[in-house]
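K.L.:
Sequence:
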Amino acid sequence: MSHAATLAAAAEHLATRDARLAEVIWRSGPCGLRPDRRYLRNLISAIANQQLSGKAAATIFGRFLALYPGRRFPTPQQIIDTPDETLRGTGFSRPKVAYIKDLCAHVADGRLRLNRMSRLSDDDVTTAITAVHGLGVWSAHMFMMFSLARLDVLPVGDLGIRKGFQKVYGLRKEPTPERMRAIALSNGWAPYCSVASWYLWRSLDAS
1 MSHAATLAAA
11 AEHLATRDAR
21 LAEVIWRSGP
31 CGLRPDRRYL
41 RNLISAIANQ
51 QLSGKAAATI
61 FGRFLALYPG
71 RRFPTPQQII
81 DTPDETLRGT
91 GFSRPKVAYI
101 KDLCAHVADG
111 RLRLNRMSRL
121 SDDDVTTAIT
131 AVHGLGVWSA
141 HMFMMFSLAR
151 LDVLPVGDLG
161 IRKGFQKVYG
171 LRKEPTPERM
181 RAIALSNGWA
191 PYCSVASWYL
201 WRSLDAS
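FYI, the working numbering numbers position 134 of the sequence shown as 134, with every residue one higher than the one before it.
Treat the hints with caution; some may be incorrect.
[Unchecked claim] As a list, the in silico DSSO-like pairs of lysine-lysine whose alpha-carbon atoms are at most 27 Å apart:
1. K167 to K55
2. K101 to K55
3. K173 to K163
4. K55 to K163
5. K55 to K173
[To be verified] Distance windows between CB atoms, simulated:
6. D124 to G170: 36 to 44 Å
7. L171 to Q50: 19 to 27 Å
8. P95 to Y68: 16 to 24 Å
9. A8 to D84: 43 to 51 Å
10. L185 to G29: 20 to 28 Å
11. R41 to D205: 42 to 50 Å
12. L171 to I80: 42 to 50 Å
13. D124 to R38: 40 to 48 Å
14. G170 to I80: 43 to 51 Å
15. M1 to G70: 16 to 24 Å
16. F73 to G32: 41 to 49 Å
17. E178 to G32: 54 to 62 Å
18. P83 to L52: 36 to 44 Å
If you're looking for bench data, these hints aren't it; they were derived computationally from the structure. No experiment lies behind these values; they were computed from the predicted model shown. A virtual CB, placed ideally from N, CA and C, is assigned to each residue, including glycine.
Build the full structure now, drawing on both the sequences and the hints.
P.N.:
Structure, rendered in structure tokens:
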């Protein structure tokens, strides 16, 4: 089965089991989760997005890319060799510069083997990514969803997901991780929690 067909089957599975989510699926159309093998780029983008709006993070990431003209993304060593103050000039905070350089050091010396990530279990992917300073479970969840296109990830630490749950299920306040997992379980999301989460994000577009 093709990836697109799998996503369509996932949406049908969710819509038949969860009436509230079904409305979001009907309004939003096909799920847009796709594998993206630009692993280093995506992890640095995740660092850029920490505690910032999407627009602000995109601006900073664009300035970062402009430091390395050409068609190819910079190598880990090129980024390591870039002076900290140059990276800070793009808008990255001092801690985020340290996170980026630690990530690149992990890749450069083989502690983080990005080319093997697709063969690891979810738990092992999380362990590998969270070994990098500044990358936590949220970053691992985003990587599994948007780089590896894993279909059964529930990113309970994501603000947008919490707000999506609150909106779609009419909750008075943002739910706890336990409440989110309980809703997913009671509505039969497995094995497509990533797809359900993608639709929760889309539900906020209509806000």
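K.L.:
Now tell me, hint by hint, if it's right for this structure.
P.N.:
Going down the list of hints, with the structure as the test:
Under the criterion of a C-alpha separation no larger than 27 Å, the hint pairing K167 with K55 is consistent with the structure, at around 22 Å. Taking the CA atoms of K101 and K55, the gap is about 23 Å. The hint holds against a cut of 27 Å. Taken as a hint, the K173 and K163 pair is honoured in the structure, with Cα atoms around 9 Å apart against an allowance of 27 Å. With a C-alpha separation of about 18 Å, the suggested pair K55 and K163 falls inside the 27 Å cut-off, and the hint holds.
Under the criterion of a C-alpha separation no larger than 27 Å, the hint pairing K55 with K173 is consistent with the structure, at around 26 Å. Range check, D124 to G170: about 37 Å between beta-carbon atoms, so the 36 to 44 Å window is met. A C-beta distance of roughly 25 Å is found between L171 and Q50, which places it inside the suggested range of 19 to 27 Å. Taking the beta carbon of each, P95 and Y68 are about 22 Å apart, inside 16 to 24 Å as hinted.
The hinted range of 43 to 51 Å is satisfied by A8 and D84, whose Cβ atoms lie roughly 46 Å apart. Between L185 and G29 the beta carbon distance is about 26 Å. The supplied range of 20 to 28 Å therefore holds. Here the CB-CB span from R41 to D205 is close to 24 Å, at odds with the stated 42 to 50 Å. For the pair L171 and I80, the supplied restraint of 42 to 50 Å holds, since their beta-carbon distance comes to about 45 Å.
Between D124 and R38 the C-beta distance comes to about 21 Å, which lies outside the given range of 40 to 48 Å. At about 49 Å, the CB distance of G170 to I80 agrees with the hint of 43 to 51 Å. Look at M1 against G70: about 38 Å separates their beta carbons, and that is not inside 16 to 24 Å. The hint said 41 to 49 Å for the Cβ distance between F73 and G32, and at roughly 22 Å that hint is violated.
About 28 Å separates the C-beta atoms of E178 and G32, a value inconsistent with the hinted range of 54 to 62 Å. Here the CB-CB span from P83 to L52 is close to 22 Å, at odds with the stated 36 to 44 Å.
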